Amino acid sequence: MELFVFSLFALGALVSALAVVSHRNPVYATMSLVVTLVCVAALFLMLGAPFIATLQVLIYTGAIVVLFLFVIMLLNIQREEHSAPSGGAQRWAAILMGFVLAGLLFGLFWRAHAGAEIQPLTEDQVSLTRLARLLFTEYMLPFQAIGLLLLAAVVAATVLARRPDGRITAPGEESK
Amino acid sequence: MIVPATWYMLLAAGLFVIGTIGALTRRNGISIFLSIELMLNAVNLLLIAYSRQLGDLTGQVIVFFVLAVAAAEAAVGLALFIAIFRHGHTIDVNRMNLMRW
Chain D
1 MELFVFSLFA LGALVSALAV VSHRNPVYAT MSLVVTLVCV AALFLMLGAP FIATLQVLIY
61 TGAIVVLFLF VIMLLNIQRE EHSAPSGGAQ RWAAILMGFV LAGLLFGLFW RAHAGAEIQP
121 LTEDQVSLTR LARLLFTEYM LPFQAIGLLL LAAVVAATVL ARRPDGRITA PGEESK
Chain C
1 MIVPATWYML LAAGLFVIGT IGALTRRNGI SIFLSIELML NAVNLLLIAY SRQLGDLTGQ
61 VIVFFVLAVA AAEAAVGLAL FIAIFRHGHT IDVNRMNLMR W
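Listed in order, the protein sequences are those of chains D and C.
Numbering-wise, this note's numbering puts 152 at position 152 of the first sequence, and it's gapless, one number per residue.
Numbering-wise, this note's numbering puts 12 at position 12 of the second sequence, and it's gapless, one number per residue.
Derived by calculation from the structure, the hints in this document are not laboratory data.
A portion of the hints provided could be inaccurate.
These stretches of chain D come out as covered by chain C in the derived footprint (C-beta under 8 Å, 3 or more residues) [to be verified]: (1) 47-58; (2) 65-77; (3) 149-158.
Computed from a predicted structure; not experimentally measured.
All C-beta atoms in this analysis are idealised placements derived from N, C-alpha and C, irrespective of residue type, glycine included.
So that you can see chain C by itself, here it is in the shape it has in the complex (with noise of 0.2 Å):
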């Protein structure tokens, strides 16, 4: 049976709800950052779905970009944290009240 491209846009929907619920739910801030990188991964996962589906290849061009952007935003988010850490020694998003009036 060949599998209908709906069946991995479901899945991708799955996917970014979970990591939806886990960037609400943590307060460890390495594992909020996870989360996103879920959600990012779930948005990859439909954008070449839907390049299959539409037989278009720009959705694998801006699935590159996604990659791209998702290796800055790692490389900055995780010098923050270790910024931070060096402030506080923690990196419990409840607890960083640094700009917290």
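Just chain D, same shape as in the assembly (with noise of 0.2 Å):
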């Protein structure tokens, strides 16, 4: 059973990955990300991750791919079509390079931890109480930094996204 509910997520997130990356149009492509990542929460689940697989789908799903799909439109790109010709040497490069990649990480994975039997799952680690303590305590430092770049983040993001003169437009309508 758990074999079966793992196959079908883990198939799921490969497939939809492939879709996000082959994919021309960026709309098309941002939704399989979110197939992507709705399947991967559903893995951090299996593994005894429900406060994770939450915020997966609430943040990533919610908001990131939320905001993915309002500059997509936005911009209003056309496909990739109308661009020049694509590099073929650079994409073949590019696929060679993957799989050297792939082969160097499935052999390290593999040595490593071969025939490794999974630890059960205790209650402490599916705990939000403990996952809180150890946030809240031990790396009270680096949260407070998050929030410190986060702030940074949208201050950026605002000035960046602004137009220099203040008026409020969508940037296609410019030059007209």
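Make the complex out of the two chains shown on their own, each in a separate frame, by following the hints.
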């Protein structure tokens, strides 16, 4: 049963990830990313990380992907076919390097952990209380730093996306 | 049958490689960004798998931080794309040559 659920979500994640990198229409690629993220969230649940799975769905698919969709619609990007033909050599070199990287990573994980039994899930590990205690004691400083980083990112994004003269229009309408 | 953590690690490696290939081959800036999000997610999966395998919650804390950094990165990156699009009316990375000498 567990194997079946794992295979389902693993296959879903891989197939939709391939769709993300291969689809020419950015809106479809973004929607495929939603499928990948939800599948990975389900795998987080299976690994005993319900809080992270929730965050993944809320933050990634709820906030980041919506941001992507907004920008795609704001920029009104046409499909990639309209631009210059792709460099075939670069594409094949990238795919070749991808296979080399895949071989290295698979070999690494397989040699390091082949046959290792998974640890039984303890109550401590799924406990949100323990995660929160760790976050607010040992990792307090990084936590505050992340807050500062997010503030800086929000200010930077606002400044960058603003028109210099302060008028609010969509980017495409500028030259009219 | 209980699924060993190694399988999750192999899946994470597969997702990471797909993301890498996407980031290297796509020319649309948004698609490159999507590929980078995919790579970040693969690393998150690997961290959670190791957190389970080693029985250590630190992995989950780090995933929390990675999520926050990914959000900040997406916000700033997309704002940059909007600014670039205003100048050149394209986000094709082959045509961005503002800083190329």
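Now the hints, each set against the structure:
1. 47-58: holds (count 7)
2. 65-77: holds (count 7)
3. 149-158: This one holds; 8 residues, not fewer than the three required, reach chain C with a Cβ under 8 Å.
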